[in-house]
Every structure is written in structure tokens, then in C-alpha cells.
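If you're matching them up, the sequences are chains E and Y in order. Here the first sequence is numbered in our numbering, starting from 1 and rising by one per residue. Here the second sequence is numbered in our numbering, starting from 1 and rising by one per residue.
Since the hints were derived computationally from the structure, they do not count as laboratory data.
List time: in silico SDA-like cross-link candidates among lysine to any residue, alpha-carbon distance up to 20 angstroms:
| hint | chain 1 | residue 1 | chain 2 | residue 2 |
| --- | --- | --- | --- | --- |
| 1 | Y | Lys54 | E | Arg6 |
| 2 | E | Lys19 | E | Gly41 |
| 3 | E | Lys19 | Y | Ala58 |
| 4 | Y | Lys54 | E | Asp66 |
| 5 | E | Lys50 | E | Glu36 |
| 6 | Y | Lys54 | Y | Glu21 |
Pair ranges (Cβ atoms, derived):
| hint | chain 1 | residue 1 | chain 2 | residue 2 | range |
| --- | --- | --- | --- | --- | --- |
| 7 | Y | Thr25 | E | Gly73 | 34 to 42 angstroms |
| 8 | Y | Asp45 | E | Asp48 | 20 to 28 angstroms |
| 9 | Y | Val126 | E | Asn65 | 38 to 46 angstroms |
| 10 | E | Arg58 | Y | Ala72 | 23 to 31 angstroms |
Every beta carbon over 12 angstroms from chain E, so not counted as near; a handful from chain Y, in silico:
| hint | residue |
| --- | --- |
| 11 | Met1 |
| 12 | Val2 |
| 13 | His4 |
| 14 | Ala7 |
| 15 | Thr25 |
| 16 | Pro26 |
| 17 | Leu27 |
| 18 | Arg28 |
| 19 | Leu29 |
| 20 | Ser100 |
| 21 | Thr120 |
| 22 | Val126 |
From the three backbone atoms N, C-alpha and C, an ideal C-beta is built for every residue, glycine too.
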Amino acid sequence: MAVEVRIPTILRTYTGGEKAVSGQGTTLAELFDDVEGRHPGLRARIVDEKADSTALRRFVNVYVNDEDVRFSGGLSAPVADGDVVVVLPAVAGGSL
Amino acid sequence: MVAHARADHPDEACGVIAGPEGSDTPLRLVPMINADRSPTFFRFDPSEQLEISKQMWAADEEIVVVYHSHTATEAYPSRTDVSYAAEPQAHYVLVSTAESGREPGPVSVRSFRILEGEVTEEEIEVLPAPDAQGETE
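With these hints in hand, go ahead and build the complete structure from the sequences.
As C-alpha cells, this is what we get:
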């Protein structure tokens, strides 16, 4: 068992075109560290590496089992075998 | 898209048209909530976006069109639009309701590709409705 991470189209260049990859960890931070080992460059597109360790990049939404992790601990959100993590680019804009 | 843009005027309206993965064929219109409810900004509601994304995942669909309206300016991607554009496979369609607002009347509808900050306009070709019916809610 492992955690499934669903990758948005724009980040599939880091996964060889794979729509989903699997990883291990007890928190989202550990999971992204583990996935980074096989898909270098992916973590930096999701995690704001310049900020503190709980920061996700502003333009990215991450969900663990349908829960938006911005409201459940960010990168310290717990994950477990069988969980599904969805990464989506924020869709936004404006006329200014 | 035009009806949605008129209905939400003067706030910006937004949504997607989904289609089979890799087909580049927009079949299913999904109007989305503008979580910002603003005349100058739009943002997909993150829970609604997750819901739509899971439906598309289960149906082997992807976003073919991302649309939104400008309600006081032209139908051309703003700097904010370009900075957020993160769907490389998508056509970004802009609808301007600046001229007629909520009323029937002239609207401008234009389509663009936005790749790595580069905006390229493309022609919109109106085709007969495909057999598969899109949502029209």
C-alpha cells in the first residue's frame, strides 16, 4: 500500500506523463520528499521552499481525501496508506 | 458561456468545458462559482473545483476550455490571467460583457492559448452540436 498522488497536466513533465504516482510518508511533507526522489523538480512546483515548512505554493491546491489541506495543517497534514492526494492548479484571474 | 457571463454581470463569471482526454473537443459545459464574486477577479471555489476534477478523472475527461468574463474591459487576457494560467492543454476563452451588460446585445468572445506567459490568439470555429449532450444548467 502507498499514497496515491494525482498530478495535474502541467506537472506531468516531472512524472514522465504519468497521471498519478505513489509515495510513502506519514505527513504531506514526507510524502512530497519521497516522491521528489523519483520525480526530481516536482516538489518545488508544489511547496514554497523559500517559506516555512508548512507552506504550499499560492497557486496550488492540495487535497487529502477531499480535504483542502490549507484548512488541515498544510504540509504537516497526516497521510496514510490508501489515501488519495489530489494536486490542482488554482484557477483564477481578473481584469486588472 | 455568454448566457452565464450575462447572468453574472457585473461580476466576472467563470467555468470550464470538459471533453475526452486528448481529444481537444469541448463537450460538457460546467459553469463554476466565482469564489471572489467580484467585478475584477475570479477564482474557482476550491471544493467545487475538486468535485469537478474528480468527475473528470472518473470519466477520463480533461479541461478543454477555461472561460471567464471581463465585465468592464476587453476580452483579452490580463496580466493576472496570464500569471495564473496553468492548464497547458486548455483554450482560454474570454467573454466581454462590457458593452451590453446583462442585456442582449453585442458581446465579444475570443480564445487564446497561454503557455509559459505567452498569449496567442486563435480563431473560434462554430461547429454543429455533437451527439454527446453537454450540461446546460
